[in-house]
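There are 2 protein chains.
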Amino acid sequence: MSAPFTFEIAARDGTARTGRIVLPRGEIRTPAFMPVGTAATVKAMHTHEVRALGADILLGNTYHLMLRPGAERVARLGGLHKMMHWPHPILTDSGGFQVMSLAKLRKISEKGVTFQSHIDGARYELTPERAIEIQGLLGSDIQMQLDECVRLPCPDVEAARAMRLSLRWAERCRKTFLVQPGREEWGRALFGIVQGAADRALRVESARELSDMDFEGYSIGGLAVGEPQDVMLEMIETVMPHLPDAKPHYLMGVGTPDDIVEAVRRGVDMFDCVMPTRAGRHGQVFSRFGKLNLKNARHADDPRPIDEASAWEPTRTYSRAYLHHLVKSGEILGMMLLTGINLAYYQELMAGLRLAIAESRLDDFIAQTKEGWARGD
Amino acid sequence: MSAPFTFEIAARDGTARTGRIVLPRGEIRTPAFMPVGTAATVKAMHTHEVRALGADILLGNTYHLMLRPGAERVARLGGLHKMMHWPHPILTDSGGFQVMSLAKLRKISEKGVTFQSHIDGARYELTPERAIEIQGLLGSDIQMQLDECVRLPCPDVEAARAMRLSLRWAERCRKTFLVQPGREEWGRALFGIVQGAADRALRVESARELSDMDFEGYSIGGLAVGEPQDVMLEMIETVMPHLPDAKPHYLMGVGTPDDIVEAVRRGVDMFDCVMPTRAGRHGQVFSRFGKLNLKNARHADDPRPIDEASAWEPTRTYSRAYLHHLVKSGEILGMMLLTGINLAYYQELMAGLRLAIAESRLDDFIAQTKEGWARGD
Numbered sequence: 001m002s003a004p005f006t007f008e009i010a011a012r013d014g015t016a017r018t019g020r021i022v023l024p025r026g027e028i029r030t031p032a033f034m035p036v037g038t039a040a041t042v043k044a045m046h047t048h049e050v051r052a053l054g055a056d057i058l059l060g061n062t063y064h065l066m067l068r069p070g071a072e073r074v075a076r077l078g079g080l081h082k083m084m085h086w087p088h089p090i091l092t093d094s095g096g097f098q099v100m101s102l103a104k105l106r107k108i109s110e111k112g113v114t115f116q117s118h119i120d121g122a123r124y125e126l127t128p129e130r131a132i133e134i135q136g137l138l139g140s141d142i143q144m145q146l147d148e149c150v151r152l153p154c155p156d157v158e159a160a161r162a163m164r165l166s167l168r169w170a171e172r173c174r175k176t177f178l179v180q181p182g183r184e185e186w187g188r189a190l191f192g193i194v195q196g197a198a199d200r201a202l203r204v205e206s207a208r209e210l211s212d213m214d215f216e217g218y219s220i221g222g223l224a225v226g227e228p229q230d231v232m233l234e235m236i237e238t239v240m241p242h243l244p245d246a247k248p249h250y251l252m253g254v255g256t257p258d259d260i261v262e263a264v265r266r267g268v269d270m271f272d273c274v275m276p277t278r279a280g281r282h283g284q285v286f287s288r289f290g291k292l293n294l295k296n297a298r299h300a301d302d303p304r305p306i307d308e309a310s311a312w313e314p315t316r317t318y319s320r321a322y323l324h325h326l327v328k329s330g331e332i333l334g335m336m337l338l339t340g341i342n343l344a345y346y347q348e349l350m351a352g353l354r355l356a357i358a359e360s361r362l363d364d365f366i367a368q369t370k371e372g373w374a375r376g377d
Numbered sequence: 001m002s003a004p005f006t007f008e009i010a011a012r013d014g015t016a017r018t019g020r021i022v023l024p025r026g027e028i029r030t031p032a033f034m035p036v037g038t039a040a041t042v043k044a045m046h047t048h049e050v051r052a053l054g055a056d057i058l059l060g061n062t063y064h065l066m067l068r069p070g071a072e073r074v075a076r077l078g079g080l081h082k083m084m085h086w087p088h089p090i091l092t093d094s095g096g097f098q099v100m101s102l103a104k105l106r107k108i109s110e111k112g113v114t115f116q117s118h119i120d121g122a123r124y125e126l127t128p129e130r131a132i133e134i135q136g137l138l139g140s141d142i143q144m145q146l147d148e149c150v151r152l153p154c155p156d157v158e159a160a161r162a163m164r165l166s167l168r169w170a171e172r173c174r175k176t177f178l179v180q181p182g183r184e185e186w187g188r189a190l191f192g193i194v195q196g197a198a199d200r201a202l203r204v205e206s207a208r209e210l211s212d213m214d215f216e217g218y219s220i221g222g223l224a225v226g227e228p229q230d231v232m233l234e235m236i237e238t239v240m241p242h243l244p245d246a247k248p249h250y251l252m253g254v255g256t257p258d259d260i261v262e263a264v265r266r267g268v269d270m271f272d273c274v275m276p277t278r279a280g281r282h283g284q285v286f287s288r289f290g291k292l293n294l295k296n297a298r299h300a301d302d303p304r305p306i307d308e309a310s311a312w313e314p315t316r317t318y319s320r321a322y323l324h325h326l327v328k329s330g331e332i333l334g335m336m337l338l339t340g341i342n343l344a345y346y347q348e349l350m351a352g353l354r355l356a357i358a359e360s361r362l363d364d365f366i367a368q369t370k371e372g373w374a375r376g377d
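First to last, the protein sequences are chains H and Y. So for the first sequence, the UniProt record's numbering puts the first residue at 1; every next one is plus one. So for the second sequence, the UniProt record's numbering puts the first residue at 1; every next one is plus one.
Just so you know, the hints here were simulated from the structure itself, not pulled from any lab data. A hint or two may mislead.
Unchecked claim - Here are the computed lysine-lysine pairs in the DSBU-like style, where the Cα-Cα straight-line distance is at most 30 Å:
no.	chain 1	residue 1	chain 2	residue 2
1	Y	K104	H	K328
2	Y	K295	H	K82
3	H	K82	Y	K104
4	H	K291	Y	K107
5	H	K247	H	K175
6	H	K104	Y	K328
7	H	K175	H	K107
8	H	K247	H	K370
9	H	K43	Y	K295
10	Y	K247	Y	K175
11	Y	K43	Y	K104
12	Y	K43	Y	K370
13	H	K82	Y	K247
14	Y	K295	Y	K247
15	Y	K328	H	K107
16	H	K328	Y	K370
17	H	K82	Y	K82
18	Y	K111	Y	K175
19	Y	K175	Y	K291
20	Y	K43	Y	K295
21	H	K328	Y	K175
22	H	K328	Y	K328
23	H	K295	Y	K82
24	Y	K107	H	K328
25	Y	K43	H	K291
26	Y	K291	Y	K247
27	Y	K43	H	K43
28	Y	K43	H	K295
29	Y	K370	H	K295
30	H	K295	H	K328
31	Y	K295	H	K104
32	H	K43	Y	K82
33	H	K328	H	K43
34	Y	K104	Y	K295
35	H	K291	H	K175
36	H	K43	Y	K104
37	H	K43	Y	K291
Stated by the list, open to error - Distance ranges between label pairs, derived from CB positions:
no.	chain 1	residue 1	chain 2	residue 2	range
38	Y	R298	H	D302	43 to 51 Å
39	Y	P4	H	A297	49 to 57 Å
40	Y	P87	H	R123	50 to 58 Å
We put the CB at the ideal spot given by N, CA and C, even for glycine.
Hey, can you work out the whole structure from these sequences and the hints?
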């Protein structure tokens, strides 16, 4: 295809890679962390802050947006970028994962999935074709195929059925995507999603079949759903040799800083997770010194900032005592500051990973990073 | 006294005045609106935003801060300005009003008031001396005497008793304040508070007695507690001739935009109110076009901004449809944006009032402003 979506790998360190995705709306430095903007907002953050923190791309959730405010309404308002004041790239999921985790009375068939909204009980149908149509209405730069995501652990026969259904849906999504209005102008991309639960053979089959469909990028789905980290890493290692090397690799819904560094080491280029934003709304902070719970009374008189070496001013300057006070008082500013502090750390970590790969010292960087987490403050 | 607190009246229009209060931490352009930062945060706002919106001074609540995080703790952290990252002037109330409205099991005596915290039931004593000590520990630039604020309507005998008790407390506060550490260095001011419920004679007595005590400024308290606007305005008109003209006049807890313009017309220089911030957290917007409830479904598809002529970017650029979506979804960003939009309008209104007074066209300005509110959008 001639649309201006490109991925360039600038450097490698073992199986890890660093590079950039280039789209008309901007560049995405990889490995990239995408803050989650579920309902057309990264919760408790202004978009200019999310940008200043180093985000090149946001994730939007098709499931939430199709229910409220509705894809056609977003389109009438000029698309998601314009509506939420984020002119840079946006990736949208297909809605499949949230239909599994949030919707009521869902019913899956070959055609697609029907479900009831968790907000008001209204009935919806999501087919592969509609999932792509919605993502086009939103104006998404990087779109995801509709897939069926199973819970782990999952019986083999069920995992195989869902994976093969997802393959058939991938073909239907691809076909719809290739005629989507605005696709070439905006350099839009569609990613396939590798499924297969925790079964190596199923994962390999899924990766191979999807590779033949020539997507712009490849996601690994159905992980980070409660399984042990070694299972997740084993699945990444299993899948990676069967995905096109020259295409971006996106591990969906991951994860903790430790999950991210281990996945980067294994060749993953893109991540999204609610962890930094959700944790920030619940008094938890990620930093070079590991995880802190600011609700804890030991912070009440601590005049030190979270990390005086941070590039993000609130991380560097607000006292832990003040942040503790805001969290204890349930103040919205506490959620705002902690969300920013967490996103700043995630982006700082990604920048560190990119530089370490470029300088062929990834293993050292990861070892030092883990030492810092273990040492605490 | 030699401390560097000064108030200059630059222009008058009828009984209205415009000028500036000068303190070591900065200037306050009057008439001034002070956003309320109850628990050491203007809810849902970064301090740099509050500043950018045009605030010269914030209000902090002694009652809330003495309970949490505690005045001594704030002092150990370097004071309220440093703790919350607001280097500009701060005015604190004395705690009297919130003891009346929030605390449990309060008991008033000549000595002071004892009460139980609404947070954890802990018992506290607040005397005139302690109220000043707390405000000194916080580092407040403009402090308030402890007063007893009665509910309206109030029997005359009760209003008289509370007003005279407040006068005796005013003397004790003044005495304590004059030896407060840091007073001269920071140019700190103590304001007396006129009480007397809705009784003209009591209000005049209170104003005269306080004037003799030579405070740096004078507050009118016990209004905007549910009485009709004409009662409030009558009390302002009654009191004003008996207050020193050369000192700032502060109407506590007021109010709606309409209350503010009418009080400015009658010679009030300073205001504080939770209205713009609280309304913003509940989906309501103040603008040149009056009050809007963004929960209302009529905004769901409206691409227009709140006011395209506003100096505040979110007021000028976000669609009503997007703001409606955020409010309906209970998103924190909705509270952040609407709070900022409301504070922007309040500060725009104050700037308009200041300029109109300076140019001797206050009545015209107020008439045009009210026309805009009545016209709607």
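Evaluation of the provided hints:
| no. | hint | verdict |
| --- | --- | --- |
| 1 | K104/Y to K328/H | holds (21 Å) |
| 2 | K295/Y to K82/H | holds (21 Å) |
| 3 | K82/H to K104/Y | violated (49 Å) |
| 4 | K291/H to K107/Y | violated (45 Å) |
| 5 | K247/H to K175/H | holds (19 Å) |
| 6 | K104/H to K328/Y | holds (21 Å) |
| 7 | K175/H to K107/H | holds (24 Å) |
| 8 | K247/H to K370/H | holds (29 Å) |
| 9 | K43/H to K295/Y | holds (19 Å) |
| 10 | K247/Y to K175/Y | holds (19 Å) |
| 11 | K43/Y to K104/Y | holds (24 Å) |
| 12 | K43/Y to K370/Y | holds (28 Å) |
| 13 | K82/H to K247/Y | violated (50 Å) |
| 14 | K295/Y to K247/Y | violated (43 Å) |
| 15 | K328/Y to K107/H | holds (28 Å) |
| 16 | K328/H to K370/Y | violated (42 Å) |
| 17 | K82/H to K82/Y | violated (38 Å) |
| 18 | K111/Y to K175/Y | holds (15 Å) |
| 19 | K175/Y to K291/Y | violated (45 Å) |
| 20 | K43/Y to K295/Y | holds (20 Å) |
| 21 | K328/H to K175/Y | violated (36 Å) |
| 22 | K328/H to K328/Y | holds (26 Å) |
| 23 | K295/H to K82/Y | holds (21 Å) |
| 24 | K107/Y to K328/H | holds (28 Å) |
| 25 | K43/Y to K291/H | holds (26 Å) |
| 26 | K291/Y to K247/Y | violated (33 Å) |
| 27 | K43/Y to K43/H | holds (16 Å) |
| 28 | K43/Y to K295/H | holds (19 Å) |
| 29 | K370/Y to K295/H | violated (47 Å) |
| 30 | K295/H to K328/H | holds (6 Å) |
| 31 | K295/Y to K104/H | holds (26 Å) |
| 32 | K43/H to K82/Y | holds (27 Å) |
| 33 | K328/H to K43/H | holds (19 Å) |
| 34 | K104/Y to K295/Y | violated (34 Å) |
| 35 | K291/H to K175/H | violated (45 Å) |
| 36 | K43/H to K104/Y | violated (35 Å) |
| 37 | K43/H to K291/Y | holds (26 Å) |
| 38 | R298/Y to D302/H: 43 to 51 Å | holds (49 Å) |
| 39 | P4/Y to A297/H: 49 to 57 Å | violated (40 Å) |
| 40 | P87/Y to R123/H: 50 to 58 Å | holds (55 Å) |
Against the hints set out earlier in the document, violations occur for numbers 3, 4, 13, 14, 16, 17, 19, 21, 26, 29, 34, 35, 36, 39.
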